[in-house]
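Chemist: Here is how the chains run, residue by residue.
Number of protein chains: 2
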Amino acid sequence: MSTATSTVRPVLVAGSWRDADYQKTFRATDPNSNEPIPVDFPVSSWEDCDAALDAAVDAARELRRLPRHQIAEFLERYADRIDAAKDALVEAAFRETGLAKSPRLADVELPRTSNQLRAAAAACRSGSWALPTIDTAAGIRSCYESIGPVCLFGPNNFPFAFGSVSGGDFAAAIAAGNPVIGKANSSHPETTRLFAEQAAEAIKETGLPPATVQLIYRTSHSDGERLVADPRTGATGYTGSRSAGLALKAAADKAGKPIYLELSSVNPVVITPGALAERSDEIVSEFTTSALMGTGQFCTNPGLVLLVQGEPTDAFISAIGDKFGSTAAGTLLSPAVAKSLSASVEKLCEYGAKLIVGGGEPESGRCAYANTLLTATAKDFLSNPEGFQTEAFGNASLFVIADDVDQLCEAIRHLEGNLTGCIYSDKQGGDDDACEKIASELTPKVGRLLNDKMPTGVAVSAAMNHGGPYPATGHPGFTAVGVPGSLLRFGKLTSYDNVRPHRLPALLQDNNPSEAWRLIDGKWTQANVG
Amino acid sequence: MSTATSTVRPVLVAGSWRDADYQKTFRATDPNSNEPIPVDFPVSSWEDCDAALDAAVDAARELRRLPRHQIAEFLERYADRIDAAKDALVEAAFRETGLAKSPRLADVELPRTSNQLRAAAAACRSGSWALPTIDTAAGIRSCYESIGPVCLFGPNNFPFAFGSVSGGDFAAAIAAGNPVIGKANSSHPETTRLFAEQAAEAIKETGLPPATVQLIYRTSHSDGERLVADPRTGATGYTGSRSAGLALKAAADKAGKPIYLELSSVNPVVITPGALAERSDEIVSEFTTSALMGTGQFCTNPGLVLLVQGEPTDAFISAIGDKFGSTAAGTLLSPAVAKSLSASVEKLCEYGAKLIVGGGEPESGRCAYANTLLTATAKDFLSNPEGFQTEAFGNASLFVIADDVDQLCEAIRHLEGNLTGCIYSDKQGGDDDACEKIASELTPKVGRLLNDKMPTGVAVSAAMNHGGPYPATGHPGFTAVGVPGSLLRFGKLTSYDNVRPHRLPALLQDNNPSEAWRLIDGKWTQANVG
Chain A
1 MSTATSTVRP VLVAGSWRDA DYQKTFRATD PNSNEPIPVD FPVSSWEDCD AALDAAVDAA
61 RELRRLPRHQ IAEFLERYAD RIDAAKDALV EAAFRETGLA KSPRLADVEL PRTSNQLRAA
121 AAACRSGSWA LPTIDTAAGI RSCYESIGPV CLFGPNNFPF AFGSVSGGDF AAAIAAGNPV
181 IGKANSSHPE TTRLFAEQAA EAIKETGLPP ATVQLIYRTS HSDGERLVAD PRTGATGYTG
241 SRSAGLALKA AADKAGKPIY LELSSVNPVV ITPGALAERS DEIVSEFTTS ALMGTGQFCT
301 NPGLVLLVQG EPTDAFISAI GDKFGSTAAG TLLSPAVAKS LSASVEKLCE YGAKLIVGGG
361 EPESGRCAYA NTLLTATAKD FLSNPEGFQT EAFGNASLFV IADDVDQLCE AIRHLEGNLT
421 GCIYSDKQGG DDDACEKIAS ELTPKVGRLL NDKMPTGVAV SAAMNHGGPY PATGHPGFTA
481 VGVPGSLLRF GKLTSYDNVR PHRLPALLQD NNPSEAWRLI DGKWTQANVG
Chain B
1 MSTATSTVRP VLVAGSWRDA DYQKTFRATD PNSNEPIPVD FPVSSWEDCD AALDAAVDAA
61 RELRRLPRHQ IAEFLERYAD RIDAAKDALV EAAFRETGLA KSPRLADVEL PRTSNQLRAA
121 AAACRSGSWA LPTIDTAAGI RSCYESIGPV CLFGPNNFPF AFGSVSGGDF AAAIAAGNPV
181 IGKANSSHPE TTRLFAEQAA EAIKETGLPP ATVQLIYRTS HSDGERLVAD PRTGATGYTG
241 SRSAGLALKA AADKAGKPIY LELSSVNPVV ITPGALAERS DEIVSEFTTS ALMGTGQFCT
301 NPGLVLLVQG EPTDAFISAI GDKFGSTAAG TLLSPAVAKS LSASVEKLCE YGAKLIVGGG
361 EPESGRCAYA NTLLTATAKD FLSNPEGFQT EAFGNASLFV IADDVDQLCE AIRHLEGNLT
421 GCIYSDKQGG DDDACEKIAS ELTPKVGRLL NDKMPTGVAV SAAMNHGGPY PATGHPGFTA
481 VGVPGSLLRF GKLTSYDNVR PHRLPALLQD NNPSEAWRLI DGKWTQANVG
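Chains as they are written, first to last, in my numbering: chain A, 1 to 530; chain B, 1 to 530.
Here chain A stands alone, though its shape is the one from the complex (with noise of 0.2 angstroms):
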């Protein structure tokens, strides 16, 4: 039963804007003020989720039909208009978000998110994302193929970049040639609805399937469950809190449907006794910057840091104290994020941790919390590994530190899987053996080790890892960053034994018009076959 009036947004089902089947409505609030925005969005009933998953299977059949090309070029047409609507999208964001216009959302954000869209079209159009691969002697062939409509929900902290409808994973998924339902995230419904009207011109303007993209707000946790569970759905990628991906990952597990997570990650940064000898004003910078950005909100920000116990551990602590005393805190996504942070960090301290700078009651007049340092023993941290490990998310950081490197790698060997692990060690190699110990344990904790540089950017690289291990992510083997890689997580294998050659997919056939890298016979070429 659809209650709509003219003032709740409509959701894009089947390539119309239309009125939501809904029985409750919800607003954003505007992190600035601390005020809700006044502009109703529906909170979908099922129906919505059953005629978008009705309407996806039909766009993913003729989707398989299109040539590559055309899908590449319908990723390129959004992005060139995305760039084109850069104004109403980032003020519509930074109402949303409190974000910074500039130069976060304007200058770093928007045109990354474009470019996404470009490189992924460019592995659309050349296929070699697909590992096709070619047994002449066997008569078989392989390639990853579309997997079907994929559900997508998105992030708080990044409305353009991880969007549901114009991040990675849609580009990935639209690239692999599957159709995708977008739930916004409901801290920024606004910012995604403008998104999904750019995205449903450029469908019109290149010719696809009108369900192509399709936009929804909201629905009930149990409809979430349902429609990552539906045998209509082909994969879901989630990226966000711990506990809702949980339940949506025990609904797809149970219906075993593939479902990509982003959880949680505290981003364990290692500092030895050396590197603080070396450069401690460096990195005491560095690592303020990093922690500091964006009001310390991204998937990869430094949460933990494990140093030695010395004096120049000690100096450092108090020259980071001083640093995010002084420096104003940023504004925060949303209330929801402000109080989920005040209380991690009660909880930290209430396990043991000692409050050097910051703590206390979010700030009242807009979404805010003090930039907060906190420390640890690592004897206190291994008496509770869990409690420790309680992702603060947002401005605030906890260090750890250890008698020795022993302790340290102990300390180590209780953490959770994470999306990076940083050490930084002495550049001229001094404490090459105890980095050695350290990389040991903390390699097979993360998705990406890094030296000597801190975790806050992701590069679109295709050898950017970005996930690792549970409850990092859901599953090892996946990036959710970097073409071609992230674009294999909406793929499903298919082999082609003894088919006839006028009926193989296009990219297996003995022609390779576009060039892809293929695995002929064992080698790696982007020749025609024979």
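No wet-lab data here; the hints were simulated from the structure.
All copies of an identical chain are treated as equivalent in the list; a pair is satisfied when it fits inside any one copy or across any two copies.
Calculated lysine-lysine pairs in the DSS-like style (CA-CA distance at most 30 angstroms, straight line): (1) K354 / K323; (2) K445 / K379; (3) K445 / K254; (4) K204 / K437; (5) K453 / K523; (6) K323 / K427; (7) K339 / K254; (8) K347 / K254; (9) K254 / K24.
Starting from the known structure of chain A, arrange chain B on it as the hints suggest.
Modeler: Below, chain B alone, put in the same frame as chain A:
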């Protein structure tokens, strides 16, 4: 508490053959006589699993430090030992499984097994499987690397080639750099033990960590679930019944541990009227051979045939019925398989399938059941698609007869995920339009699409996909057969960002002495960097 006596077989834990910790024992059955074989095997307690996991963690750490060629040498040495121990292995497997000694066990499965190990060794040595990727401009390099201890549960139907300490999963897990904890299939524990003996010797000869290969024979269901979910476990491979597999999957999923499953598949074969008009006799012969091969106990056995009604179809069914009726029923793997086959056939009859030939009770003097052919209309099938997809594992097939191609396509739309799907059609292309329709419905449902060929041959090819959508497997992006693809299941993706050159894994260093194929700045090459 151990109650071991000298008559109970020891387990292989941490490099020693030692008394198991157990309360109960079990015996395998000789399917040729339906009599228990008088050798006792322990049902291990959690203490055995726990000890194996601890040892595996240490072995995993050591394996990460070893050069790849040393792991490859182990696989090759083990392969040679298997070839040399052929007679004893064949004898044991014949006694425990009833599979023919020749050609099946001695001349097909055994050489396949040792050659799989050699192919995995070659992949391990070169490192190309790990998709090493280098972005020189960004200073980021990535590859797949070991995921940690791998638990393997092998099936009953391939005691060598899919065995938990000898088969494809084993070869892949080891070649990817991981130790293996094998759980023997309870129907052939002695065969598995003989393999583990050879593996243990090869480990000594090549200096690998003693716990690289460990063996237990059976656990309680709850300990099996605990094993796959244990924090020390990296990943699990399972091939077997759907119910046991789904229980393990639920446990592993909940703990965020990758699990690769091969569960069940009816392997639909579509035969068009054009194919029957052209070469009905030929297809009768191909189908019968494939359907009764190994007494129908292949994962890719053609259990469901889809046809269009008409006189040629009637004649085809009648000819198959004659062949089934006049061919002696082979021996089944175990009393459980015979019982389950009989129950499945009964269920299909209950749902409305018509018995053309076969059916009835299992034979009493040995494990066997009459070759069975059933038919149903597509209308019946569509009224209960789940029921009619009951897997009748063994020498039974169901033929579903549609009114026309459209109804046949509708039936395909109701299929679950399968390992394979075949289309037999007019070789002159007379029914290509129908085939296009059929293929567009069938391809998304299967891991491997075949033309004019039965599905039972699973070539060890780089282009092979022995996988498919749920419930054929747990994830449609992975293959259990084929090198290098099968190794990726047991790999963790790791990025090295700004990591100092001498600290990079060998595979990602500038020099590339193993001539691994690497994706350097967008181009696949075997060259060094720079």
